[in-house]
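Undergrad: Here is how the chains run, residue by residue.
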Amino acid sequence: LALTAAHADPVQDDQLLINGEEELATQAPAPDHLEGALGDTVYSGWLFRDTDTRAMQKDDFDNPMFLFVDAGLETWSTPEGTADKSCADCHNDIEESMKGVRAQMPKVNDKGELWALENYVNDCRTNRMGAEAWGWNSQEMKNMTAAIGLQSRGMPVAVKIDGEAAPFWEKGKEMYYTRFGQLEMSCANCHEDNFGKNIRSDHLSQGQINGFPLYRLKDQGAVSMHQRFVGCVRDTRGVPFEAGSQEFRELELYVASRGNGLAVETPAVRH
Amino acid sequence: MQHILVLTVVVAGLGAPVMAEIAPADVPWAEDGSISESLTGTPGKPEEGKVVMTTNALGNCVACHAIEALPDVPFQGNIGPQLDGAADRWSEAQLRGIVVDAKHTFPDSFMPGMYKVGPFIRPGVAYTAKPPEKPEDIQPILSAQQVEDVVAYLMTLKE
Ligand code: HEC
Ligand code: HEC
Ligand code: HEC
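One line per chain: the protein sequences are B and A, in this order.
All the letters of the first sequence, read from the start, carry residue numbers 1373 to 1643 under our numbering.
All the letters of the second sequence, read from the start, carry residue numbers 530 to 688 under our numbering.
Mixed in with the good hints there might be a few duds.
Said to hold, decoys possible - Heads up, simulated BS3-like pairs for lysine-lysine below, C-alpha to C-alpha not over 30 Å straight-line:
id	chain 1	residue 1	chain 2	residue 2
1	A	K687	B	K1590
2	B	K1543	B	K1479
3	B	K1543	A	K574
4	B	K1545	B	K1590
5	B	K1479	B	K1532
6	A	K659	B	K1569
7	B	K1545	B	K1532
8	B	K1545	A	K632
9	A	K663	B	K1569
10	A	K659	B	K1545
11	B	K1430	B	K1457
12	B	K1590	B	K1569
13	B	K1471	B	K1457
14	A	K659	B	K1590
15	B	K1457	B	K1543
16	B	K1471	B	K1545
17	B	K1483	B	K1569
18	B	K1532	B	K1543
19	B	K1483	B	K1430
20	A	K659	A	K632
21	B	K1543	B	K1569
22	B	K1569	B	K1471
23	A	K687	B	K1543
24	A	K659	A	K574
Stated by the list, open to error - Chain A is nowhere near these chain B residues, computed Cβ spacing over 12 Å in every case:
id	residue
25	D1404
26	H1405
27	G1507
28	E1536
29	K1545
30	D1565
31	G1568
To be verified - Short derived list, chain B residues pointing at chain A, Cβ under 8 Å:
id	residue
32	L1410
33	M1527
34	M1547
35	T1550
36	K1569
37	C1604
38	R1606
39	R1609
40	P1612
Note that these hints are calculated values from the structure, not bench results.
Quantities reported herein were computed from a predicted structural model and do not represent experimental measurements.
Idealized CB from N, CA, C, for every residue including glycine.
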């Protein structure tokens, strides 16, 4: 069919070479826990986007997210709150202290709770700086999570799913296969059973989260993982959970684990 | 078959289509997922059905199905089978069943029930992401007559 041939499966003939020097692996062997649910390979969402969108992510000057990364880096060294401290006062150079952090989030904290990167940031703001918490989807939060995420770019996603994380992971998995809303669709219906296919003009990817927060051309702005989850559940004619909720953090852990081994792409570009 | 006969008698007996619309909860399913009775008693209009099937806010069947008989409709999806020839593969009763709620024909189908009001998990009011305040806030995706119109169009898809 001529009409549907415009998009194809994950592109085969392109490489995500950042700034002409650093190549990011856009596919990886599927993690064992998937037991073949996605075949033998997991693919970055980048491979499902069109040529122009892919190109924008190859060059940090063309990638609109870098405006937000720069804002995040500025905030990193700006004192705030009653303690009049900046992130840099405690964590020094973001390039060193935050290297690898994104790749392991979300994770279980020392109180046994499952925390996403946003929780850690707000914990430092409220308990260590005496500053106000940022909204989960606020621009400030996305700026900071983009700046922190960038420090893991190229590193393989490696969330822990065993030990204390296991019960959270199980719940996230259950949610992934739950058919929500009046359309009765689960994440798996779109991103496992049908990736590579077209649902009207949308070319379905595996719904991986290794590039978040990312720039979405359609929204002309930065989008967090939970914001994307909200949108996908709403599109089932369903009622999503809140961004930052326990449910969406569990889902985040499970979805992240489906991409274990993929390179962190933060900050990615999608349309 | 029996349903069709009964229906014919009723309609013939009273002249005009007076049959009350069948509500989503009262749909008379056959074992095999087909529905032999019309939901409205009013014959569907294929032209209307075509509009329903190709309009995003209505059936949006082309989101998942390609229809070569409609070459002007852009961005036809390829999730489900191409629908050309559907009337050769299925009877009218079977097609009605598939459109009303395909899960009676294909148990784990990805295809949404078009004339169904529950039970659902966390249903929202259309695409508002808001929970219903009262049961009537969840309306079937298509009206009974729209289902009949779609079935009438599908019946034209012969190869
Ligand atoms: C007063 C000191 C202090 C300030 C200011 C501070 N942090 Fe922290 N931060 C900590 C400590 C202590 C930890 C816990 C370290 C640990 O457990 O390894 C931490 C942990 C974190 C973590 C989790 C790291 C990991 O690998 O688990 C992140 C992310 C983080 N901080 C980001 C920030 C950001 C962003 C800011 C500024 C908005 C900030 N912090 C400000 C002291 C601070
Ligand atoms: C009705 C189909 C549908 C369902 C159900 C659905 N999604 Fe999506 N999702 C999409 C479409 C379309 C896109 C945009 C194209 C793409 O990347 O697949 C998307 C994109 C995404 C992305 C962004 C991927 C990227 O690389 O930018 C993530 C993450 C995602 N979905 C996760 C989920 C999760 C988690 C669920 C379940 C809570 C879910 N989706 C349910 C259709 C769906
Ligand atoms: C979200 C996806 C989706 C939408 C929307 C959708 N379908 Fe389907 N449909 C499917 C899938 C998948 C199948 C294959 C059967 C199965 O589920 O295994 C199917 C099967 C069918 C069949 C039987 C196919 C054949 O010829 O053998 C018919 C007829 C059909 N659909 C009609 C429709 C009509 C009419 C609409 C809109 C009112 C519609 N579908 C909307 C996904 C969809």
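Undergrad: Each hint needs a verdict: does it hold in this structure or not?
TA: Against the structure, the hints come out as follows:
no.: 1; hint: A/K687 to B/K1590; result: violated (39 Å)
no.: 2; hint: B/K1543 to B/K1479; result: holds (14 Å)
no.: 3; hint: B/K1543 to A/K574; result: violated (47 Å)
no.: 4; hint: B/K1545 to B/K1590; result: holds (29 Å)
no.: 5; hint: B/K1479 to B/K1532; result: holds (7 Å)
no.: 6; hint: A/K659 to B/K1569; result: holds (29 Å)
no.: 7; hint: B/K1545 to B/K1532; result: holds (14 Å)
no.: 8; hint: B/K1545 to A/K632; result: holds (23 Å)
no.: 9; hint: A/K663 to B/K1569; result: violated (36 Å)
no.: 10; hint: A/K659 to B/K1545; result: holds (24 Å)
no.: 11; hint: B/K1430 to B/K1457; result: violated (35 Å)
no.: 12; hint: B/K1590 to B/K1569; result: holds (20 Å)
no.: 13; hint: B/K1471 to B/K1457; result: holds (21 Å)
no.: 14; hint: A/K659 to B/K1590; result: holds (23 Å)
no.: 15; hint: B/K1457 to B/K1543; result: violated (37 Å)
no.: 16; hint: B/K1471 to B/K1545; result: holds (28 Å)
no.: 17; hint: B/K1483 to B/K1569; result: violated (42 Å)
no.: 18; hint: B/K1532 to B/K1543; result: holds (14 Å)
no.: 19; hint: B/K1483 to B/K1430; result: violated (39 Å)
no.: 20; hint: A/K659 to A/K632; result: holds (25 Å)
no.: 21; hint: B/K1543 to B/K1569; result: holds (28 Å)
no.: 22; hint: B/K1569 to B/K1471; result: violated (35 Å)
no.: 23; hint: A/K687 to B/K1543; result: violated (47 Å)
no.: 24; hint: A/K659 to A/K574; result: violated (34 Å)
no.: 25; hint: D1404; result: holds (25 Å)
no.: 26; hint: H1405; result: holds (22 Å)
no.: 27; hint: G1507; result: holds (17 Å)
no.: 28; hint: E1536; result: holds (28 Å)
no.: 29; hint: K1545; result: holds (16 Å)
no.: 30; hint: D1565; result: violated (7 Å)
no.: 31; hint: G1568; result: violated (10 Å)
no.: 32; hint: L1410; result: violated (17 Å)
no.: 33; hint: M1527; result: violated (34 Å)
no.: 34; hint: M1547; result: violated (10 Å)
no.: 35; hint: T1550; result: holds (6 Å)
no.: 36; hint: K1569; result: holds (5 Å)
no.: 37; hint: C1604; result: violated (11 Å)
no.: 38; hint: R1606; result: holds (4 Å)
no.: 39; hint: R1609; result: holds (5 Å)
no.: 40; hint: P1612; result: holds (6 Å)
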